[in-house]
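Chemist: For the record, the sequence lines run as chains H and L. Each residue of the first sequence is one higher than the last, beginning at 52 in my numbering. Each residue of the second sequence is one higher than the last, beginning at 52 in my numbering.
Intra- or inter-copy, both count: the list cannot distinguish identical chains.
Calculated pairs, DSSO-like style, for lysine-lysine (alpha carbon to alpha carbon, straight line, at most 27 Å):
#, residue 1, residue 2
1, K62, K179
2, K67, K94
3, K273, K345
4, K426, K349
5, K199, K426
6, K83, K199
7, K94, K78
8, K199, K78
9, K412, K430
10, K78, K179
11, K62, K78
Source of the hints: derived by calculation from the structure; they are not laboratory data.
Number of protein chains: 2
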Amino acid sequence: MDNFDFLSSTKIIFGKGTENLVGEHVKRYARKILFHYGGGSIKRTGLYDRVMRSLEDHGIEVVELGNVQPNPRLGLVREGIDLCRREGITFILAVGGGSVIDSAKAIGVGVPYSGDVWDFYAGKAEPKETLPVGVVLTIAAAGSEASKSSVITNEEGWLKRGINYDVIRPAFAIMNPELTFTLPPYQTACGIADIMAHIMERYFSPTPDIELMDRLCEATLKAVINNAYRVMDNPEDYSARAQIMRAGTIAHNDLLSTGRIGDWASHQIEHEISAIYDLAHGAGLAIVLPAWMKYVYKQNVSRFAQFAHRVWDVNVNFEDLEASAWAGIQRLEHFFRDIGLPIRLSHAAIGPDRLEEMADKCRMPNGDSVGQLMKLNRKDVLEIYRLAL
Amino acid sequence: MDNFDFLSSTKIIFGKGTENLVGEHVKRYARKILFHYGGGSIKRTGLYDRVMRSLEDHGIEVVELGNVQPNPRLGLVREGIDLCRREGITFILAVGGGSVIDSAKAIGVGVPYSGDVWDFYAGKAEPKETLPVGVVLTIAAAGSEASKSSVITNEEGWLKRGINYDVIRPAFAIMNPELTFTLPPYQTACGIADIMAHIMERYFSPTPDIELMDRLCEATLKAVINNAYRVMDNPEDYSARAQIMRAGTIAHNDLLSTGRIGDWASHQIEHEISAIYDLAHGAGLAIVLPAWMKYVYKQNVSRFAQFAHRVWDVNVNFEDLEASAWAGIQRLEHFFRDIGLPIRLSHAAIGPDRLEEMADKCRMPNGDSVGQLMKLNRKDVLEIYRLAL
Chain H
52 MDNFDFLSST KIIFGKGTEN LVGEHVKRYA RKILFHYGGG SIKRTGLYDR VMRSLEDHGI
112 EVVELGNVQP NPRLGLVREG IDLCRREGIT FILAVGGGSV IDSAKAIGVG VPYSGDVWDF
172 YAGKAEPKET LPVGVVLTIA AAGSEASKSS VITNEEGWLK RGINYDVIRP AFAIMNPELT
232 FTLPPYQTAC GIADIMAHIM ERYFSPTPDI ELMDRLCEAT LKAVINNAYR VMDNPEDYSA
292 RAQIMRAGTI AHNDLLSTGR IGDWASHQIE HEISAIYDLA HGAGLAIVLP AWMKYVYKQN
352 VSRFAQFAHR VWDVNVNFED LEASAWAGIQ RLEHFFRDIG LPIRLSHAAI GPDRLEEMAD
412 KCRMPNGDSV GQLMKLNRKD VLEIYRLAL
Chain L
52 MDNFDFLSST KIIFGKGTEN LVGEHVKRYA RKILFHYGGG SIKRTGLYDR VMRSLEDHGI
112 EVVELGNVQP NPRLGLVREG IDLCRREGIT FILAVGGGSV IDSAKAIGVG VPYSGDVWDF
172 YAGKAEPKET LPVGVVLTIA AAGSEASKSS VITNEEGWLK RGINYDVIRP AFAIMNPELT
232 FTLPPYQTAC GIADIMAHIM ERYFSPTPDI ELMDRLCEAT LKAVINNAYR VMDNPEDYSA
292 RAQIMRAGTI AHNDLLSTGR IGDWASHQIE HEISAIYDLA HGAGLAIVLP AWMKYVYKQN
352 VSRFAQFAHR VWDVNVNFED LEASAWAGIQ RLEHFFRDIG LPIRLSHAAI GPDRLEEMAD
412 KCRMPNGDSV GQLMKLNRKD VLEIYRLAL
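Could you build all of it, start to finish, from the sequences and the hints given here?
Modeler: What follows is the structure, given as structure tokens:
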């Protein structure tokens with residue numbers, strides 16, 4: 052087990068009606084805030100009104116910035132930074148899913164920084180401080196509500212880049228599973244794929260001999276899978292929605308990777324797809340993950356056989372571990388297809404014409420190859436894109 | 052799933068050599084501290100010297116208070132409170148296991164409180180503030196390094212009582228698994244039983260339908276069991292020691308009970324034994340838990356069958372779930388015996404003469420019956436003590 056420091060510093064406020072407590076939590080931080088959100092859905096569902104009422108009840112002055120898009124853009128982040136500086140704002144409330152939260156985090160680190168916020172995403176500078184960010188979560192997916200990650204797309208060159216720093220973990224996250232009842236099945240499924248990807252990126256680690264973390268990952272995956280079927284069957288199944296929402300946080304707050312490194316190649320490979328095609332991140336992951344697995348599983352057959360057995364109840368053939376490992380990858384594909392996700396680029400109407408371009412761009416901000424279980428160079432990545440066609 | 056708030060606010064600093072970083076972490080909080088510890092073992096192992104050196108290197112003034120005993124006493128806590136007040140101390144460093152940390156937490160809440168610190172343990176007052184407490188952990192067991200619990204024994208009447216408040220979570224916990232290499236097998240086994248008990252108290256919950264928490268509990272239990280055998284075989288197996296130490300924190304920082312209530316009867320029942328007989332808490336739990344299970348399992352046979360199957364790999368007989376449930380309890384007993392623990396009061400040379408007295412005292416501070424899966428009155432508790440003979 053590697054040495055590590057760990058503190059998931061986000062306070063979780065979980066359950067029915069908790070969005071009505073937002074004013075009480077915000078007022079511990081500020082009297083004037085930026086209310087950051089996406090499209091109109093929070094207005095249609097009445098969430099916007101409930102949040103505003105709670106903020107008003109606690110005498111909090113609100114400046115609004117909506118219109119965050121999926122794969123949130125640098126342009127809006129810069130606008131938010133200017134707005135906060137101009138208005139003397141010291142707290143950001145993100146009401147929405149991962150895109151809104153990631154955008155809020157970017158604004159948060161951008162405000163006190165004298166340079167350009169993209170410096171952080173380009174790996175040219177490290178954020179040392181941030182405006183505190185609070186969250187009212189509406190989608191179980193990205194885990195951004197308690198993670199140290201933020202991913203932003205730079206419209207100039209359609210570069211999608213992420214940062215990972217403890218300083219950007221939100222101060223609190225209000226999570227009412229009922230807010231996810233109205234999510235369309237496709238978005239629900241994309242969220243589930245994203246949650247599972249966060250676990251699998253940590254599970255397929257080259258660090259040996261951490262049964263505890265393996266089993267915690269497997270436990271979370273199994274619970275997500277079983278509750279995914281329940282949610283697909285009944286979108287208003289509170290308990291199933293709640294478990295998926297809770298799993299989404301655990302999947303990405305780094306608990307499951309304490310003491311070992313993750314792989315993260317699939318995320319990098321997917322980012323290049325959704326940066327160009329604006330595909331939902333979860334759908335992109337459902338396409339990339341199986342292709343990545345097929346390309347790398349021989350690097351550690353026993354780990355993939357363990358995944359097949361413990362997560363998918365594959366009956367292991369100990370005389371042919373490779374076949375058992377392969378069966379696990381197939382089960383994952385079947386599952387993604389079952390919940391309505393694309394598992395090939397062609398299912399998302401993406402052809403082979405820009406694979407080379409994506410493979411060119413797919414690397415770490417410092418230029419390194421992607422992945423840890425297997426380090427993938429341009430040729431490897433291109434092969435994985437081809438396997439995903 | 053029940054609504055909940057959750058923040059495990061203790062920063063974990065985990066791995067080889069981390070005790071040498073203690074000065075760096077302490078200096079963020081104070082320049083003058085109470086160094087709280089137990090017997091002489093930290094001096095024999097050289098840990099005392101390494102910690103002192105790191106504190107000195109960072110210019111931290113140290114006032115010492117040693118001699119914390121297992122089942123830590125109120126008398127020493129009061130002494131610590133006086134000492135901190137007299138010396139103007141604003142931070143407590145606990146170097147040791149659960150007893151030292153629990154004692155430090157009690158001193159921490161006692162210093163700023165105008166009344167008697169026992170008020171908190173007697174349920175007469177709630178602590179609102181504390182001196183920050185830092186930990187260098189030497190035993191994987193109580194989970195006190197990141198928990199909101201502290202258990203103190205009042206010599207007057209030998210009352211052993213606990214408190215649970217978020218405010219008493221330590222600020223940081225330094226955890227080097229190597230520090231546990233020298234623990235004798237019996238103490239190691241007691242720690243393992245304590246860790247498992249913390250998980251099982253949360254697992255045998257009356258709150259239905261939280262597969263995610265069930266599976267996380269089962270995952271942690273399985274990893275503890277498998278690594279327990281490794282540690283018993285080779286006390287210097289770093290990876291096994293590390294996994295047990297990490298599991299000890301996860302078992303008791305409340306992650307595994309988010310969204311549901313725990314049972315906690317076994318802890319209450321055990322407290323009355325170790326308060327009188329000064330038996331190691333973990334050994335007492337190894338005796339009480341199977342007896343408690345035998346008494347209550349018919350309240351929820353399917354949960355106990357699930358425990359048997361998922362944790363102990365018992366082949367479930369679906370035509371006789373009770374037999375499967377019973378088999379799980381037996382496996383737990385076998386395991387405790389395997390690692391050298393007593394599983395009957397008689398194995399710890401405790402006879403039947405004070406069972407009535409213990410049953411009289413066994414209740415919540417407010418006088419309520421103990422337990423949640425089944426609420427246990429005096430007669431039930433007495434029956435469990437008899438089953439444990």
